[in-house]
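Make a model of the complete structure from these sequences and hints.
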Amino acid sequence: QFIKVARQCKECKNFNSMFAIISGLGHGAVSRLRQSWEKLPTKYQRLFSDLQDLMDPSRNMSKYRQLVSNEQSQPPIIPFYPVVKKDLTFIHLGNDTHVESLINFEKLRMIAKEVRNLTNMCSSPYDLLTMLELGGQPTSNAMVALNQLTTGVSGSAHQGGAATFKRRKKSTAAPNPKKMFEEAQMVRRVKAYLAKMKVLTDEEKLHELSMSCEGSSTGGSIMGSGPIRKRHPSPTLSTASSASSASEGLKNTGPKFGNY
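Residue numbers (this note's numbering): 3 to 262.
For the record, the hints were derived by calculation from the structure and aren't laboratory data. The C-beta atom is built at its ideal place from N, Cα and C for all residues, glycine as well. Hints are supplied without guarantee of correctness; some may be wrong.
For each label pair, taking beta carbons as the anchor points, the in silico distance ranges come out as [unchecked claim]:
#, residue 1, residue 2, range
1, L35, V101, 51 to 61 Å
2, P78, N178, 27 to 37 Å
3, Y83, L211, 33 to 43 Å
4, I113, L69, 19 to 29 Å
5, L69, K198, 50 to 60 Å
Okay, derived cross-link-like pairs now, DSS-like style, lysine-lysine, Cα gap no bigger than 27 Å in a straight line [to be verified]:
#, residue 1, residue 2
6, K41, K193
7, K6, K45
8, K87, K200
9, K6, K193
10, K6, K41
11, K65, K115
12, K198, K181
13, K200, K6
14, K181, K200
15, K65, K88
16, K109, K65
17, K41, K207
18, K115, K87
19, K181, K193
20, K65, K87
21, K109, K87
22, K181, K6
23, K180, K200
24, K109, K88
25, K115, K88
26, K45, K65
Structure (structure tokens):
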């Protein structure tokens, strides 16, 4: 379910939540649960691996940056906050504010460019209809009315063409008040659950809960990771070096030169 939610976050361009979910699944307390990972269907293992590839930090998060640059023309977008903070920090600390008693306007332009990009990402609000479309779920008249009440966006006003005509045609009927209330109540329940949910940050407690699910006797090691990303084994002495060490040991046990 968490992998499905992460995929939905990616499709809705909520990259910060997507990275948070993938990072949580990659935590040592979760990745050591080998039996649980083995029961995961191959389809979702590949999906998890693809989402992990976006977190590749090599070449300054090039895969993530390319994805954001492709989606930047269609807001709303929630970027990965640590990358945003890192870019602003490097611009601020890597460039002098004053150069020869003059204001460094080039530094200010770079900061303004980053802020402008963030402003463009949040230039339009999220609406329920778009999120349902990206998830492949049908929209109901109650959901259309609820979306209009919460965001002020009627139908699919941000889209054009035949799709807008179909959407408006479907929403001509009066919405069902009961169904509209039930869907609004579900939204409130989800928000209340997320607001009251306790986040565990104690590593010892997380390890204890992980051990209660799969103890060390089940074959999962504490330091091992899941089947998706395996750590390389620790380096060991090669056969040649072992043989040379053994031969040196045999030579040292013999008599020294000149002694009989």
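These are the hints, each one checked on the structure:
1. In this structure the supplied range 51 to 61 Å holds for L35 paired with V101, their Cβ-Cβ distance being about 54 Å.
2. Restraint check, P78 to N178: a C-beta distance of roughly 29 Å satisfies the suggested window 27 to 37 Å.
3. At roughly 27 Å, the beta-carbon separation of Y83 and L211 lies outside the given 33 to 43 Å, and the hint is violated.
4. Hint check: I113 to L69, Cβ distance near 23 Å, so the stated range 19 to 29 Å holds.
5. Taking the beta carbon of each, L69 and K198 are about 33 Å apart, not inside 50 to 60 Å as hinted.
6. For the given pair, K41 sits about 31 Å from K193 by alpha-carbon distance, which is inconsistent with the 27 Å threshold.
7. Proposed proximity of K6 and K45 is supported: the alpha carbons are some 11 Å apart, at most 27 Å.
8. For the given pair, K87 sits about 25 Å from K200 by alpha-carbon distance, which is consistent with the 27 Å threshold.
9. Distance check on the hinted pair: K6 and K193 sit about 19 Å apart at the alpha-carbon level, within 27 Å; holds.
10. Distance hint between K6 and K41 is fulfilled; the C-alpha atoms sit about 16 Å from each other, no more than 27 Å.
11. At roughly 21 Å between alpha-carbon atoms, K65 and K115 fall within 27 Å of each other, so this suggested pair holds.
12. Only pairs whose Cα atoms come within 27 Å are accepted, and K198 paired with K181 is accepted, the gap being roughly 26 Å.
13. For a cut-off of 27 Å, the pair hint linking K200 to K6 stands: about 22 Å separates their Cα positions.
14. The suggested pairing of K181 with K200 is violated, with an alpha-carbon distance near 31 Å, which exceeds 27 Å.
15. In summary, the hint linking K65 to K88 is supported, as the alpha carbons are separated by about 16 Å, within the 27 Å threshold.
16. Taking the CA atoms of K109 and K65, the gap is near 26 Å; set against the 27 Å cutoff, the hint holds.
17. Taken as a hint, the K41 and K207 pair is honoured in the structure, with Cα atoms around 25 Å apart against an allowance of 27 Å.
18. Between K115 and K87 the alpha-carbon distance is near 14 Å, which keeps this suggested pair within the 27 Å criterion.
19. A C-alpha spacing of about 19 Å is found between K181 and K193, which places the hinted pair at or below 27 Å, so the restraint holds.
20. Our distance criterion of 27 Å between C-alpha atoms is met by K65 and K87, whose separation comes to about 18 Å.
21. For the given pair, K109 sits about 16 Å from K87 by alpha-carbon distance, which is consistent with the 27 Å threshold.
22. The straight-line distance between the Cα atoms of K181 and K6 is roughly 25 Å, inside the 27 Å bound, and the hint therefore holds.
23. Restraint check for K180 and K200: the C-alpha separation of about 32 Å exceeds 27 Å, so the hint is violated.
24. About 15 Å separates the Cα atoms of K109 and K88, which keeps this hinted pair within 27 Å; it holds.
25. About 15 Å separates the Cα atoms of K115 and K88, which keeps this hinted pair within 27 Å; it holds.
26. In summary, the hint linking K45 to K65 is supported, as the alpha carbons are separated by about 22 Å, within the 27 Å threshold.
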